[in-house]
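Asker: Based on these hints, arrange chain B on the given structure of chain A.
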Amino acid sequence: MIQIRNLTKKFGGLTAVDNLTLDVKEGEVFGFLGPNGAGKTTTVRMLTCLVGPTSGQATVNGLQVGRDDTAIRRSVGILTETPGLYDRLSAEKNLTIFANLYEVKDVAGQVEKVLRLLGLWDRRDDLAGNFSKGMKQKLAICRALLHEPRVLFLDEPTSGLDPEAAKLVRDFIEDIKEHGRTIFLCTHNLDEADRLCDRIGVIKQRLLTVDTPANLRNRLFGRTVVFHLRYADESTLALVRGLPFIKNAQRVDNKIVAGLDDPEAHNPAIVRALVETGADVQFVGELKHSLEDVYLALMANN
Amino acid sequence: MNKIQTIIDKEWAEVFKNRLVLFTIAFMPLMFTALPLIFLYVLGKEVGNDASDLPPQFLQLCGEQLTGGECFQVFLVNQFLLLFMMMPLMIPVVISAYSIVGEKTTRCLEPLLATPITTAELIVGKGLAAAIPAIGATWAGFAVFAVGARLMVSNPLVYVRLVDPMWLMAIGIVGPLMAVAAINVSIIVSSRVSDPRVAEQVSMVIMLPLLATFFAQLAGVILVNMQFMMLAAGVLLLIDVGLVVLGVRLFQRETILTKWK
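As given, the protein sequences belong to chains A and B, one line each in that order.
Residues in the first sequence are numbered consecutively from 1, following the numbering used here.
Residues in the second sequence are numbered consecutively from 1001, following the numbering used here.
Calculated directly from the structure, the hints in this document are not laboratory data.
Be a bit skeptical, because a hint or two may be false.
[Unchecked claim] Heads up, simulated DSS-like pairs for lysine-lysine below, C-alpha to C-alpha not over 27 Å straight-line:
1) B:1017 - B:1003
2) A:133 - A:167
3) A:105 - B:1259
4) A:10 - B:1104
Okay, chain A solo, but in the shape it has when bound:
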């Protein structure tokens, strides 16, 4: 759905995006992570034809950036960093203007549809300026969906929202994901990216890595299993360390924390070995590194 090849953007002497190559599949929620000034918004702006690339190519929905700009703008929806609503106009008027600009056929019908979808229909006559931050964000999402775009670019969709409003927006993203839209999500919220994204790209001017959240964790930290025992000592730890598939192990109180590649295959053998030596296994669980750990490790390495 989105193909990016060696895309670079320079502003004078400053390189905002450096040689970015990336593919986003149809129907995928792709998370784009990076610190402030990493080039996330510039990438979105290039892909939505708001700024031109200095070099490289990109296609969105089969259309080429730089050649089919108007067609690309027609086929994508964008939620910008700030909602950018006309505060003196009603919610309905705000959407009607954009429905006309996006050449929507049934303007009134489509405006009603998206307002109902986001639960704003009853507030359609209220001025956008009187809306709360969360409602403004919802209205901006309505605007991005007006023309039923196949690709949706969401730049920090939950930034500055209270937890309740942020959850509402996240739930909505999950909902539209199920409708098969491709979503390109720029976010600082690692928990949000972990929950919503099929794959994640980490950028700091250049692309540092791309993978699924689970694979990113595994690649950086491997998989870790915690065995909760009634009692554990150094001999228990030595037993686990002696197993051939264990990469590393340590004891924390009565727990054995072991690193291994394929827990599904090897956990039964470990449990068996522990039980055979008389250990009482109370629980076995996987220790999940947060995406924050992954992100911080990547940033530290770069």
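Answerer: Frame of chain A, contents of chain B only:
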């Protein structure tokens, strides 16, 4: 509804909700139309024969058909008609300053630029949204003045000198040219400031040549006649071309998003 029409509709819906803008657009035509009519009414009753204070070349233009007092009446009302020409300058400046800077500060421009609208449609839409009220108000005001003057002036020759081809050209051609210049100056200024009032005040620099003409004629340095108006139209046309080129260059998506402060 086409996109230009949508932009005009949006601009008017948004900008006219601003009381300051609405007041400027409503008050200015009323004032500039009423003032020359009030003078005509007052002077019409007490037209003397003293024209000694008039610039000699103006007196010469009046010829022998008008009395000194009537010539004075024409001269004075002509001054107000020059001020009347402020309308196509001030109204677009006020509208576009609030529209462009307002959109810039509320970050409304980026979603707008992300739509399939072309830069030309956007700039034409915004330009027309500012120009139509200005030109409309100027023409409507002049029409009211023409009707009012016809009713108030007793000597038809005075009327003929007030609503003459020069003023028709000024209102019909020079006015719109001035509006185009004002819109582009406003775009250029708006790209550099982040307060609509600052944009409005700085853009008002566009009025200086008009005020200079007003005072120069008052002092008898120049005479605003048909030749002057044609020259003004020619110069304005050239200035407009230059300003439009500069304005369009500044009103590109990338420039707006990356260079506008």
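Asker: If you check each hint against the structure, which ones fail?
Answerer: 3
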